[in-house]
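Visitor: Single-letter residue listing:
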Amino acid sequence: MITAPTRVAAATAAVLALAVGLTACSSSGGGAKSSGTPAAAGSPALSGTVTVFAAASLQGTFTDLGKKFEAAHPGTSVKFNFGGSSQLAQSIVSGAPADVFAAASPATMKTVTDAKDNASDPKVFVRNTLEIAVPKGNPKHIATLKDLAAPGIKVALCAPQVPCGSAAQSALKIGGVNLTPVTQEQDVKSALTKVELGEVDASIVYQTDVKADQGKIDGVDFAEAAKAINDYPIADLAKAPNPAAAKAFVEFVESAAGEQVLTAAGFQQPTTGGEPAGAASTPASAAPSGSASAAPSAAPSASASAQ
Amino acid sequence: MSRRASRSRIPVALLLPGLLGLLFLVLPLVGLLVRAPWRSLPAQLSSADVWEALKLSLICATSATGVSLVLGVPLAWLLARTEFPGRRLVRALVTLPLVLPPVVGGVALLLVLGRNGIVGRWLDSAFGYTLPFTTTGVIVAEAFVAMPFLVISVEGALRAADPRYEEAAATLGASRLTAFRRVTLPLVAPGVAAGAVLAWARALGEFGATITFAGNFPGRTQTMPLAVYLAMENDPEAAIALSLVLLAVSVAVLAGLRGRWMSTP
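Note that the protein sequences, when read in sequence, are chains A and B. Numbering-wise (my numbering), the first sequence opens with residue 1 and increments by one. Numbering-wise (my numbering), the second sequence opens with residue 1 and increments by one.
Be aware that one or more of the hints could be misleading.
[Claimed, not checked] Residues from chain A shown here face chain B by an in silico Cβ test under 10 Å; the list is partial:
| no. | residue |
| --- | --- |
| 1 | T111 |
| 2 | T113 |
| 3 | H141 |
| 4 | T144 |
| 5 | K146 |
| 6 | L179 |
| 7 | V182 |
| 8 | K194 |
| 9 | L197 |
| 10 | V261 |
| 11 | T263 |
| 12 | T271 |
In short, the hints are calculated from the structure, not lab data. C-beta: ideal position from N, C-alpha, C; glycine also.
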């Protein structure tokens, strides 16, 4: 009996705490804590921390690139904040201390350029193609995009708010497939996890994700993917705490060494014309097509700012 | 006289951190109100998605509270009134979801009740029924996270209630179940109510376990917190608007309950 008021008071506190938790979470976003020590702008030697905000689908390749960058520039340290591109863009616009932003779509980069938070024009540095991820052995025999709409097939898609979701939507639209997923996941990795656990029969993810998860899932190429390719723009940021290193990191990603890491993971290089990559029409595994022009010459041409 | 005197001399060492604490808890809510897009609010809130998410949130939180009451009150009674080996361990296990990160709870639920889970596999093969990605899945996830709040509330109330009333009922010929129903339950009713409110509030705000176990689909599993999280991806104004609704609902419920239970100490 005596406890009743305190319990209700506790309930009040709990609800308020919840509300605070919500606002705190939504406002802080990615929240990279590392504040880079600004390098002397003029000096050629780079130092300090480079904070890179990058799309979740870049996690594997960028972690690798970060280590290579640190090795090439002793005294620097690369810190990453991986997540959904849209969430990262919001964090940057809200003032998160970031040096570089690599997004999974021009639309999410536009959030940053609209706020004039970019130092350089964003450059498309890679493109990614969609693929259907299915559990090992493809138990439901999924061969085309249309198969996903068959009755009894459970599909997880990315939410339309995130780049993998909007790319999947446009692929489905192109294919004329009307699909109701069982869930709309908040990023590509969690959509993939639902396949890996066998909770869904298929998901539409990036080719690079399928490649990175080989052994646990299988990938099914589909024709419409060639028309729904995602461009990944990168830019160093206006309020970068470490501008010199930020610039150097962007250049490093676009260099031959960077290209090598990215294509090995299944990413495609943007073609010089900026048109949809012809290479994507070859459905077989994401062979990086020899990359005759391994020089970074291809990259600057795609500097057409994020549409 | 002396009481009044002591009240006027509030030590600064307590007052300052106390006020800071108050500020810390209230300021974010003020921020929400200040940044609210009042002008576009009616348009934001009249969208069908918002009401769908709110309705789903209310239905699921209430159902989860119902599940918690049905299962949690007997559990609390067992913990408070009976002696059995390993009771302490059971008690610790019951309160575990209180401190467990909800996402972990969601993962655990998925591994047990998912299509390939120990129990879920059987559910699927025997009844062709799968829990993840369904509204029932949301209720399960919310109940998992919220029930411990009810159990510890009720258990506390039971421990505070004098067992001699039950003994008296027993000497007058009442069975244990009758004594529980007619004597114990009315005795601990305020504790049960407070626990139910706590559980309801916790279920309403539940995010991690829900998105992990039940996924996110508008109208089926997308509750308000999930809608807020996804709106934050590309439309912060919508996220603020949705947060305001959740805040208003929470405040309204607490204000409504205050009159009923706070006035009878």
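Visitor: For each hint, tell me whether it holds in the structure or not.
Guide: Structure-based check of each hint:
1. T111: holds, 8 Å
2. T113: violated, 15 Å
3. H141: With a minimum Cβ separation of about 18 Å from chain B (threshold 10 Å), the hint on H141 (chain A) is violated.
4. T144: violated, 23 Å
5. K146: Violated, about 21 Å.
6. L179: Interface hint status for L179 (chain A): violated (12 Å vs cutoff 10 Å).
7. V182: holds, 4 Å
8. K194: holds, 7 Å
9. L197: Holds: closest Cβ of chain B sits about 6 Å from L197 (chain A), inside 10 Å.
10. V261: violated, 28 Å
11. T263: violated, 29 Å
12. T271: violated, 28 Å
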